[in-house]
Amino acid sequence: MTPDTAPPLIEVEQARLRFGAVKALDGATLHIRPGECVGLVGHNGAGKSTIVNVINGALTPDEGTLRAEGAPVERYGIKAAHALGVRCVFQELSLCPNLTVIENTRIVHRELGSGRGLGWRSTARRIIERSLDEIFPGHGIDSRATVGSLSIAQRQMAEIAMAFSDAGAPPRLVILDEPTSSLDATLAGQLLAQVRRFVDAGGSVIFISHILHEILSTSDRVVVMKDGNVVAERPAGGFTADSLFEAMGSVAKPENAAQARRDLSSAPVLLEQRGRGLPFRAHRGELVGLTGLSGHGQTEMLLELYRQRSGDWLPLRDPAVAFVAGDRRVNGIFHLWSILENFAVASLGDLTRRGLVNDSAVADKGDGWKRRIEIRTQDMNNPILSLSGGNQQKVLFARALATRAPVVLMDDPMRGVDVGTKREVYQILREEAAGERTFVWYSTETEEVCLCDRVYVFREGEIVAELVGEEINEANILAASFQGEAA
Amino acid sequence: MTHAAKLLQKPWIWAYLAAILVWILTVSVTGGSSAIGLTHAAFTFASFAVIVGTGQMLVITLGPGNIDLSVPATMTLAGTVALKVMAVDNTMILPGLLIAIGIGIAVGSANYALIKLLRIPPIIATLCMSFLVQSTAIWTNRGLRVKPPPALAEFATSSPLGIPNVALVALLITLGAWVLLERSLYGRWITAIGQSMAAARMAGIPVDGARALTYVICAVLASVAGYLLASFSGGAALNMGAEYLLMSIAVVVIGGTSVAGGYSNVPGIWGASLFMFLVVSMLNTYGLGAGFRMIMTGVIIIAVILLASRRQTSSP
Chain A
1 MTPDTAPPLI EVEQARLRFG AVKALDGATL HIRPGECVGL VGHNGAGKST IVNVINGALT
61 PDEGTLRAEG APVERYGIKA AHALGVRCVF QELSLCPNLT VIENTRIVHR ELGSGRGLGW
121 RSTARRIIER SLDEIFPGHG IDSRATVGSL SIAQRQMAEI AMAFSDAGAP PRLVILDEPT
181 SSLDATLAGQ LLAQVRRFVD AGGSVIFISH ILHEILSTSD RVVVMKDGNV VAERPAGGFT
241 ADSLFEAMGS VAKPENAAQA RRDLSSAPVL LEQRGRGLPF RAHRGELVGL TGLSGHGQTE
301 MLLELYRQRS GDWLPLRDPA VAFVAGDRRV NGIFHLWSIL ENFAVASLGD LTRRGLVNDS
361 AVADKGDGWK RRIEIRTQDM NNPILSLSGG NQQKVLFARA LATRAPVVLM DDPMRGVDVG
421 TKREVYQILR EEAAGERTFV WYSTETEEVC LCDRVYVFRE GEIVAELVGE EINEANILAA
481 SFQGEAA
Chain B
1 MTHAAKLLQK PWIWAYLAAI LVWILTVSVT GGSSAIGLTH AAFTFASFAV IVGTGQMLVI
61 TLGPGNIDLS VPATMTLAGT VALKVMAVDN TMILPGLLIA IGIGIAVGSA NYALIKLLRI
121 PPIIATLCMS FLVQSTAIWT NRGLRVKPPP ALAEFATSSP LGIPNVALVA LLITLGAWVL
181 LERSLYGRWI TAIGQSMAAA RMAGIPVDGA RALTYVICAV LASVAGYLLA SFSGGAALNM
241 GAEYLLMSIA VVVIGGTSVA GGYSNVPGIW GASLFMFLVV SMLNTYGLGA GFRMIMTGVI
301 IIAVILLASR RQTSSP
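Chains as they are written, first to last, in full-length UniProt numbering: chain A, 1 to 487; chain B, 1 to 316.
If we strip away everything but chain A, and leave its shape as in the complex, we get (with noise of 0.2 Å):
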């Protein structure tokens, strides 16, 4: 690359970050370089939020230097990324829904307190309403009005219009993460347009986004993030939209990913389910996976299927579904109890006598999943919260496959396992999936959604692509769940 007369606005390099055990970032390094667009592109998790905290000063890297405008920054922080001109959009909208956007904007820039007195509204008025005005020509919106009775999209205007405006410190670098999500096509053509002004007037912008074209289209240079590395820089014009998925799951395949896919079309159906999209069939011994980017409804349909078909008045005598968590702190374990508790209550009602429990019963049970899933404990009357987090996991898969329910719901349970603990419930679940029993399983994981007979691909709460047998792989189910249509 030639390099440029003037020094790089922000210099990330080999920037390292732990939470806990999940590198978030694993030796990343990021330049941005005054007037120029970059993309920034990768699957959920690969970091690509962690490192434009990082830039905006919200989180600290563990390892790693930082120097703005050529000059190795000590004290970076979220002040000191604001001076700087650092401006962000976020994907959640972080403006404060009870004020009004002119009240907002007083308090994004807090130069307008200073020296201005009584007088700040006026000046922020007039400040947002240009910039406004500048972006989203006939934007219709009231600055006086509280930013939660606006639209989604209009706030989302207001916040890119917020970024963009200059109150005395002129922004330089504006970060917007997923900024086109919720504006139609007019809209997101008018911001693709003020970034490609604000780039050509010497700005710098960072910008993320799951719709590809709008990456090429937009940016001068696209840099792809995958576990919390940078594994491809090129110029946009280097990447064409299937090189750039590639290059996103570049993952060498795993082994276990070779194993035989079943047909299970012939099968009964267990399970229906009509909503948007495609509708939702789950056959006996089938191992059904939902994948698509996090977050795009795969969690609220198990939870669904999960209530259609759950008693809550009164027990049912024949249990229809387990579900495994996740979440395991929100929907999973009961955190006063012992292993055995844990374990037991979903089949507690095939372990009673007359309305009372039968200890001895519970207590060979447990012991018998015990030894089947090899959950690490000297005595399972240990509390629940003795245990690893993976083992943790054990005890709720262990707990929904000991009930006599014909499905098992999962709900990204393997967040946070590690690889040995994996490899061994994979096993499970295919001994368990060969004696009939069927799985609806969410993953956020490729490696996982490989090992499934068949996969549903979510995305914005519907099913936009089914992928059987051989198709299922990452650049399928990359393009599906960024384009909304099967490849």
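It is possible that some hints are incorrect.
In silico DSS-like cross-links for lysine-lysine, where the CA-CA straight-line distance does not exceed 30 Å [unchecked claim]:
#	chain 1	residue 1	chain 2	residue 2
1	A	K365	A	K422
2	A	K370	A	K422
3	A	K365	B	K10
4	A	K370	B	K84
5	B	K84	B	K147
6	A	K226	A	K365
Short, incomplete list of chain B residues facing chain A, as computed with Cβ under 8 Å [stated by the list, open to error]:
#	residue
7	L185
8	M202
9	A203
10	G204
11	V207
Worth flagging that the hints you see were computed from the coordinates, not collected in a lab.
From a predicted model like this one, the values you see are computed outputs, not experimental measurements.
Backbone N, C-alpha and C define an ideal beta-carbon position, used for all residues, glycine too.
We have chain A already, so just place chain B on it with the hints.
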């Protein structure tokens, strides 16, 4: 670990130790002459608190926010209506009891209906219900004080086995509650719900059914306590339940049940109920006024909650 040390680990032990301490303090002032009388009175009056408190304990076990404030009104209504129906007639004792239980079932169901249908917090729902129930009691009673049937009054006030009859009834009820909590499927359900309602739902527990049943049991126990209390004190009074609002919550908390839900303690209810009665007697013996007694009661409850929370954080 020695037996004594193991015993000290039990969350209910403190309520008993405190009760014994207060008993000694009181008896020592009166020179030992009152020992038997005081003990007898303590068991009699504690019984009502035990019955009401057991129901409240089941509700509190359901987790944060779950409480039944309609307990005093339910006691009053059940006592009033039952005595009116029995009309000083010995043959009507059993129908009277059944009517009291029926009132409990109705109030409990209505409580949960309000919580569920209107989606209002239990503390508000049961408070609203308490006004409705209390008004109904005023309306039925019209200021009349009906005497209990003689046989029932005799039963409620005597102690042929050396232990007051009401204490025996309360003992049976707590034994039943213990079996229910520790051994039954329902007990597992409500302790699971108390720890995490979402997790309980996803483990296949019928959350609404179990919660509704709990509110019904609580109201039924309050009704039974009202029925016995009215019979014991020679007739129902409109304010007879008043002191059992704070009392029912206090005995649950002092008895070692977790205010945060998911963990309950039946033996502690007895220790705490005896303790609460004995504290009042002690302050009376020392000649302190009603106002000071109430302040002391509040201080003691706060102190116990503080101690209890420290115990829980210090032991893993």
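Hints, verified against the model:
1. K365/A - K422/A: Holds, at about 23 Å.
2. K370/A - K422/A: 16 Å, holds
3. K365/A - K10/B: 29 Å, holds
4. K370/A - K84/B: 60 Å, violated
5. K84/B - K147/B: 8 Å, holds
6. K226/A - K365/A: At roughly 43 Å apart (the allowed maximum being 30 Å), K365/A and K226/A break the hint.
7. L185: 5 Å, holds
8. M202: At about 4 Å, which falls below the 8 Å cut-off, the nearest Cβ of chain A leaves the hint on M202/B intact, so it holds.
9. A203: 5 Å, holds
10. G204: Where the cut-off is 8 Å and the nearest Cβ of chain A is about 5 Å from G204/B, the hint holds.
11. V207: 6 Å, holds
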